[in-house]
Amino acid sequence: MILNVENVTKAFSSRGKEKIANDHLSFTINEGEVFGLLGQNGAGKTTLVNQILGLLTPDHGEILLLGKSVLKAPAHARSICSVQPQSQVPLGSLTPKQAVTLMGKMRAGKGFNPKRVDELFEALDMTEWANVEGVKLSGGAQRLTAFCMAVVVPGQLVILDEPTNDVDPVRRRYLWQVVRSLADQGTAVILVTHNVLEAEKAVDRLAIISHGKFLAQGTPREVKGSVSNKVRIELSLVNEIEEVSVPDWAHSLRRNGSRLLFSMDPSRISPTIDWITDQVDGGLVVDYSISPTTIEDAYIALNSKKTEGVS
Amino acid sequence: MNGLSAYKYVFQIQFFRNAGFLIFMTLIQILISIGIVIGFTYMIPSPDTDTILFLTTGAPTIILIFSGLVILPQQIGSAKSDGYLNFMRTWPVNRSVILGADTILGLLITIPGIVVSTIVAHLMFNPGYDLSWTVVPALLMIALTSIGVGYGFSYLLSPVASLSVSQIVVFFSLMFSPVNYPMDRLPEWLQALHEFLPIYSMAEVMRASLAASTFDASLGNYINLLIWCILGYGGAIFILNKR
Ligand SMILES: Nc1ncnc2c1ncn2[C@@H]1O[C@H](COP(=O)(O)OP(=O)(O)OP(=O)(O)O)[C@@H](O)[C@H]1O
Ligand SMILES: [Mg+2]
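Just so you know, the protein sequences line up as chains A and B, in that order.
Following numbering that gives the first Met the number 0 from start to finish, the first sequence increments by one per residue and tops out at 310.
Following numbering that gives the first Met the number 0 from start to finish, the second sequence increments by one per residue and tops out at 242.
Since the hints were derived computationally from the structure, they do not count as laboratory data.
Take the hints with a grain of salt, since some may be wrong.
Said to hold, decoys possible - Derived coverage of chain B by chain A (criterion: at least 3 residues anywhere in the stretch with Cβ under 8 Å from a Cβ of chain A; other residues may be distant):
hint	segment
1	5 to 11
2	81 to 87
3	143 to 153
4	203 to 215
What the hints assert, rightly or not - PhoX-like, lysine-lysine: derived pairs with alpha carbons at most 20 Å apart:
hint	chain 1	residue 1	chain 2	residue 2
5	A	Lys-212	A	Lys-18
6	A	Lys-229	A	Lys-200
7	A	Lys-109	A	Lys-96
8	A	Lys-96	B	Lys-79
9	A	Lys-212	A	Lys-16
10	B	Lys-79	A	Lys-109
All residues carry an ideal CB built from backbone N, CA and C; glycine is no exception.
Using the sequences provided together with the hints, build the complete structure.
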């Protein structure tokens with residue numbers, strides 16, 4: 000086990016009002032594992048991460064990195080963790096190549112292999128910016144540079160706070176590949192992101208946090224299972240007035256103009272497809288899609304449950 | 000990794016990140032120190048050599064104060080607000096390494112100004128410089144005190160508060176401090192204050208090493224500097240390690 004977070008609670012007080020940013024959070028991360036941290040703005044993700052880095056002290060609870068308390072051995076924690084902060088790293092006149100190389104040397108010492116920098120830049124398709132001064136880089140290029148600074152010599156734990164902000168869809172994919180290869184080499188990764196759909200593919204386990212509390216935690220499958228494991232069907236009908244008789248295994252049927260939505264148990268997929276094919280042949284349905292519940296569905300369901308609970 | 004190579008890499012990052020700014024500031028420091036040397040002689044109708052010597056040996060102190068208590072706090076203030084300070088705090092190096100690298104940078108931008116203005120003053124006025132070997136340790140000590148105190152308050156205070164403090168410090172040290180004129184011209188209560196603040200001691204120590212045959216610094220001046228220096232760096236390290 001690389002990271003062990005036990006019962007961490009952190010409150011901020013501003014103008015006399017207490018704001019609980021982390022409320023008794025516990026989780027662990029193992030070697031080679033990518034752990035996603037999802038949650039709405041202000042949910043407490045960055046606060047949690049800053050405590051793991053030793054930038055903030057928990058009010059209660061304990062954080063252990065490789066069995067050692069972050070509080071008692073902050074220098075040990077810093078040698079194990081590297082981070083890409085949520086805010087942009089102001090590079091000033093540093094070029095990406097200088098910044099990433101120097102971070103690499105700072106972590107690996109003389110044994111640092113400068114080829115690693117070129118490999119990273121190639122993997123992220125950012126070679127063209129390697130020697131451009133930081134102040135002249137686009138937002139995405141700056142973000143990618145900060146990502147490279149965090150992963151060039153990964154310690155045992157890499158923390159990425161919104162690494163894909165500002166990054167284009169193509170390079171986002173490259174970035175996920177780099178994250179995956181880090182994990183394959185045994186590095187543990189904490190991934191804070193709002194990009195729920197992409198996170199589903201990138202993470203091994205995840206936690207959904209809201210108002211400082213974990214709403215769910217586990218593998219993507221487990222988290223989805225905690226909400227429902229239904230399959231979603233969406234049909235486009237030829238027009239808005241046509242009536243269709245749906246099979247009796249359809250749940251939560253909804254009609255929205257010419258769109259018809261329902262969900263059902265995954266075991267009924269093949270009879271459903273037969274049924275849809277009949278409808279298409281009969282000219283009633285023009286288009287359709289079948290999709291499994293995504294983490295996004297679970298995320299929204301969990302978060303809306305929470306809001307209902309609150310109001 | 001050993002401390003020395005950690006220092007090298009941190010220094011390089013800080014240097015390259017601020018390269019443009021540092022060069023610009025070095026030039027500004029040269030101009031300011033020449034400006035002080037020449038400008039102040041206009042304020043006094045027909046200055047004698049003693050007065051000129053007083054002014055020209057005060058100029059280096061002023062720009063050391065300027066580096067440590069104005070330029071540095073400004074940089075730290077912006078590093079604080081844009082999150083760079085917190086990012087540095089996650090680096091796998093001892094925090095004093097970061098302070099050490101920034102201190103040397105602060106020193107490097109100041110030295111050319113001191114050297115150039117001293118040469119200019121010598122050529123223009125020949126006021127009676129008499130360099131003592133103590134000039135190097137004195138310069139270091141004054142620079143470390145000024146930078147240390149600058150560190151201390153800019154890490155301790157919010158960026159806005161430390162900006163106001165540094166504005167006040169500049170004004171106060173230019174107008175109300177015995178750097179460019181003798182202490183006895185000040186009212187008694189200001190004299191008492193200056194026995195305690197580091198500005199007077201900085202000026203005395205600097206003068207004693209630039210014109211050793213004319214001026215003397217007391218042991219008290221050195222002790223005063225040492226205490227402020229330790230307070231400043233101690234405070235800064237405390238804040239850097241605090242969570
Ligand atoms: N230094 C601070 N002082 C006071 N309150 C704070 C401080 N830092 C964070 N908070 C509060 O703690 C809560 C959690 O903030 P945090 O930055 O952890 O959220 P987050 O999950 O990272 O959000 P986002 O997705 O927007 O980055 C918020 O309500 C925030 O206002
Ligand atoms: Mg955040």
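Hints versus structure:
Using a Cβ-Cβ cut-off of 8 Å, 4 residues of the segment 5 to 11 of chain B lie near chain A, which meets the minimum of three, so the contact claim holds. Coverage of the segment 81 to 87 of chain B by chain A holds. Counting CB-CB distances below 8 Å, 5 residues qualify, and the rule asks for three or more. Proximity of the segment 143 to 153 of chain B to chain A, defined as three or more residues with a beta carbon under 8 Å from a beta carbon of that chain, is not established by the 0 residues found. For the segment 203 to 215 of chain B, the stated coverage by chain A is not satisfied: 0 residues place a CB nearer than 8 Å to a CB of that chain, which falls below the threshold of 3.
The hinted pair formed by Lys-212(A) and Lys-18(A) meets the criterion: a straight-line CA distance of about 13 Å does not exceed 20 Å. A distance of roughly 19 Å separates the Cα atoms of Lys-229(A) and Lys-200(A); the hinted pair therefore holds under the 20 Å criterion. With a CA separation close to 17 Å, the supplied pair Lys-109(A) and Lys-96(A) stays within the 20 Å bound. Taking the CA atoms of Lys-96(A) and Lys-79(B), the gap is near 24 Å; set against the 20 Å cutoff, the hint is violated.
Proximity of Lys-212(A) to Lys-16(A) is assessed by CA-CA distance (about 19 Å); at most 20 Å being required, the pair is judged to hold. Using a Cα cut-off of 20 Å, the hinted pair Lys-79(B) and Lys-109(A) is violated, with the two alpha carbons roughly 30 Å apart.
Hints 3, 4, 8 and 10 from the list above are not met by this structure, while the remaining hints are.
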